[in-house]
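Based on the hints, put chain B in the right spot on chain A.
Here's the letter readout for the chains.
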Amino acid sequence: MKWKTADGGWSPYLAGALVGILAVVSALATTHWLSKTNYIGASTTFVRAAGLIERAAAPGRVKANEYFTKEKVRVDWQFMLLIGIILGSLLASVTDGSFRWEGVPPIWKERFGGSVGKRIAGAFLGGVVAMVGARLADGCPSGHGLSGMMQLSVSSFVALALFFGVGVLVAGRLYAGRSR
Amino acid sequence: MNSEQWLGLVAGVLFGFLMQKGRVLRFEKQVGAMLLKDMTIFKFMLSAIIVGGLGLALFSGTLKPSHKPMNLGAVLLGGSLFGAGWAVAGFCPGTAAGALGEGRWHAFFAIVGMVAGAAVYAEIYPWLKKTVLSWKDFGRIGLTETLGVSAWTILPVFAVFCLALFFWFEKKRL
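The listed protein sequences derive, respectively, from chains A and B.
Note that our numbering has the first sequence beginning at 26, numbered continuously upward.
Note that our numbering has the second sequence beginning at 11, numbered continuously upward.
Bound-form chain A, shown alone (with noise of 0.2 Å):
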């Protein structure tokens, strides 16, 4: 087995891996620290950035809604995680030669032409529904299919299992044709 890929990247297996460590490290330090044990997630972020974005238009109505109050919007260790992802990303794709400026993905392009609308629209779109799903789902493929996973939930495994299941039949249907 090779430990880097032709293209300058690190096996899979290796990368994640070295997430596993982080992720119980991550925990650990948490516990230590904060006095609270936090897990990798993402999805509980975009509804404190809707909360943060809505209150500088409408504070009352913040205010108001029973899931922000819920969840608390703020800029906590899961939304500075996620700033780090961004930054992690671009210094490891700069490091590499692999960043790459990019609006219309190959495959997309291929079957959906090089309209960069059109693609701006399916990621919007796509991301609207997405999200909903996750904080019905309490999770998304971070928080269930990672931290949850690793945990054993048993909410984690049908969650990501429907993850997968589902985004198999939809981009199967969504994709058909394109090799013909």
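Hints in this document: simulated from the structure, not taken from any laboratory.
Ideal placement from N, C-alpha and C gives every residue a C-beta, glycine not left out.
Any given hint could turn out to be false.
[What the hints assert, rightly or not] On the chain A side, residues computed to face chain B include the following (Cβ under 10 Å):
1) Gly41
2) Glu79
3) Val100
4) Ala196
Frame of chain A; chain B shown alone:
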């Protein structure tokens, strides 16, 4: 910035770095998995789950578990909606942020959509609470209590299953 925010930022930088190096942030890797042509994201995720699972079990005396609720309607409907949206957007919440970091700027619009989706969810939450969320909640349950076996039994079985899967992926060049 307080210590909570610093700890989050440091973990995030490392997480983003490793996801980028594992090449799992890209649209073609995620859609490739859903088209059953490229299993990179599964090699990555399952490796993380095995190592992380063993680590969490090792420190189970110190760490507080945090299971997400097995709320039947919510997990079934939410999981399905997520899968459909993920297939169209080509990014999940964490990878959308990471993809933006490596210059794939269309991911920014997935992020904007996700923030909008979160705002929509906050609006319909009172209604969901009365309907989908109140169907049947099994609570915050773990597989170990449910099956009555220790994590040290489940994890090795899971690891062997994953290893078999990995060999199959490599054999089929997925």
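* Asked: Is the interface hint for glycine 41 (chain A) satisfied, with its Cβ closer than 10 Å to some Cβ of chain B?
  -> Since the shortest Cβ distance to chain B is 3 Å, the answer is holds.
* Under the criterion of a CB-CB separation shorter than 10 Å, is valine 100 (chain A) in contact with chain B as hinted? -> With a closest approach of 7 Å, the valine 100 (chain A) hint holds.
* Asked: For the hint on alanine 196 (chain A), does the least C-beta distance to chain B fall short of 10 Å?
  -> holds (4 Å)
* Asked: How about glutamate 79 (chain A): closest beta carbon in chain B under 10 Å, or not?
  -> holds (6 Å)
Hint violations for this structure: none, all hints satisfied.
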